[in-house]
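Enquirer: Which chain is which? The protein sequence lines are G and W, in order. The numbers in the first sequence follow the working numbering, run straight up by one, and end at 316. The numbers in the second sequence follow the working numbering, run straight up by one, and end at 389.
Since the hints were derived computationally from the structure, they do not count as laboratory data. C-beta: ideal position from N, C-alpha, C; glycine also. Check before you lean on any hint, since a few could be wrong.
Said to hold, decoys possible - If you only want the chain W side, here are some residues facing chain G, beta carbon under 10 angstroms, derived:
#1 Thr54
#2 Asn58
#3 Arg60
#4 Glu300
#5 Pro305
#6 Glu306
#7 Trp330
#8 Asn334
#9 Leu337
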Amino acid sequence: MTAHRVAALADVPADGGLLVTVNRLEIGLYRVGEQIKAWRNVCPHMAAPVCRGVVTGTRLPSEVYHYELGLDGQVLQCPWHGWEFDLLTGCHLAAGSAARLRGFPVEVRDGEVFVHTRT
Amino acid sequence: MAAPALVAGRTVDTDVHQALPDLRPFLSRQWRDRWLEVGLGTGTGYTNPRGVQRRDARPPNGGPAASDPLFVISDHLDRYQIDYAILTGPFVLPVGADPDYLTAVASAVNDATVEGWLGVSDRFRGSILINSDDPPAAAQEIRRLGGRPDMVQVLMASTTRQPCGQRPYRPIYEAAAEQGLAIALHPGAEGAGLAGPPTPVGWPSRYLEWHNILPLTAMAQLNSLVCEGVFVSFPTLRVVIVEGGLSWLPQLLWRMDKNYKALRDTAPWLTQLPSDYIKEHVRLTTQPVEEPDRPEYLVQTLTMMDAARTVMFSSDYPHWDNDNPRLLFRRLEPQLRARIMGDTAAELYGLQQPPRPEDLPSFSTAPADVVIGLSEAQE
Chain G
198 MTAHRVAALA
208 DVPADGGLLV
218 TVNRLEIGLY
228 RVGEQIKAWR
238 NVCPHMAAPV
248 CRGVVTGTRL
258 PSEVYHYELG
268 LDGQVLQCPW
278 HGWEFDLLTG
288 CHLAAGSAAR
298 LRGFPVEVRD
308 GEVFVHTRT
Chain W
11 MAAPALVAGR
21 TVDTDVHQAL
31 PDLRPFLSRQ
41 WRDRWLEVGL
51 GTGTGYTNPR
61 GVQRRDARPP
71 NGGPAASDPL
81 FVISDHLDRY
91 QIDYAILTGP
101 FVLPVGADPD
111 YLTAVASAVN
121 DATVEGWLGV
131 SDRFRGSILI
141 NSDDPPAAAQ
151 EIRRLGGRPD
161 MVQVLMASTT
171 RQPCGQRPYR
181 PIYEAAAEQG
191 LAIALHPGAE
201 GAGLAGPPTP
211 VGWPSRYLEW
221 HNILPLTAMA
231 QLNSLVCEGV
241 FVSFPTLRVV
251 IVEGGLSWLP
261 QLLWRMDKNY
271 KALRDTAPWL
281 TQLPSDYIKE
291 HVRLTTQPVE
301 EPDRPEYLVQ
311 TLTMMDAART
321 VMFSSDYPHW
331 DNDNPRLLFR
341 RLEPQLRARI
351 MGDTAAELYG
361 LQQPPRPEDL
371 PSFSTAPADV
381 VIGLSEAQE
């Protein structure tokens, strides 16, 4: 694995994400709680630029005709079909779906964000 | 029947929605204020919480998605090596109360398309939007613009006041056949305005359900067109079912044929099996393509519907549910894939030749002119 310095920690916004490029690979950086997560900018469904979608919350699984908001700031919504991904795990938030975002290990050192890739 | 030979290797996107944010210059004064105040004035009540336009397809000038033809060429046609885009407009017209207003809006959309898009690039072909609820006026609009070689079809909402094969709509088909234009039926107005409910059992509760069941309209209209003898009366007419999905067609073909064999005397004008009329006269566009758990199921479905003749690629750019042409039909044998990705459309729309070489400027990054709100597409 190779570590790439991709951004200053201060440049990763509290809301939304920061799109960076590593070896022509587009990667979105997101703050989730105290963590920084890095996800590839390709939706596993239709290869859309998923990181250009909004970061939002969602309605959590609930009883019939009940509505419960949650995961505020932790859901990335693809700008094409609206598939929702949990920014913490990369998992697609739909029962029966095994789709997930491709992620990269992140390291924060001295206020700098490093992403580890194979090359 | 053997698959037709590979024709020209064109890629034709049969459903691209250009935005026309400002119709004011194309509306006469008696309609302009109304357009600005209420637009189409009727929604379906079914709205996608994410919006219909793709967020990432907005041009750098800040205008609405697909409002800049040069950006559409760069962002969509060049990116996916698409030769031609069939433009299907910002919306289709709902069944409404005021036919003169809707007809005026149709003409404005058509004139704005001619002025803002068809003159920009040879890679665009237009659809003549009509208000099908006023068939004589619709026929007039078809004849007004049908002589233009860059207008290749007539566009109407899939939803009509009564089944569209019935007698009142004949003037539309007569004009289209006379002008050599296909008729495209496009969803989006199901349940809007004065239309009946979007399903035979009434009104679903949310957009998800509404969108799931849009193919019902396509099925009902195809059934009507065939059984009413529209293709007998107009033997050169072609009908394009846009954005209605694909996989329901084999079932309908089989059921229509089965019933025809028993009850043909109730429609004695039919001289072929219903499935033969459909394969000859009807084309379906691919988006939103079905995504079964096992991709081979889709391949089987395409075989059942003679897809080499009946199916044409569409993306629905820049709408939320668009398909990525790079990922489509990768399991198909190349000849069938070529038929779907462009050859069938090239035959239908006369696009066998590659587009003219063009030296176009780059898209603009300067802020767009004042952008006027528009009635957004529903589907």
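Enquirer: Does each hint hold? Answer for all of them.
Expert: Against the structure, the hints come out as follows:
no. : hint   : result
1   : Thr54  : violated (18 angstroms)
2   : Asn58  : holds (8 angstroms)
3   : Arg60  : holds (4 angstroms)
4   : Glu300 : violated (14 angstroms)
5   : Pro305 : violated (14 angstroms)
6   : Glu306 : violated (19 angstroms)
7   : Trp330 : holds (6 angstroms)
8   : Asn334 : holds (4 angstroms)
9   : Leu337 : holds (6 angstroms)
Of the numbered hints listed earlier, those contradicted by the structure are 1, 4, 5 and 6.
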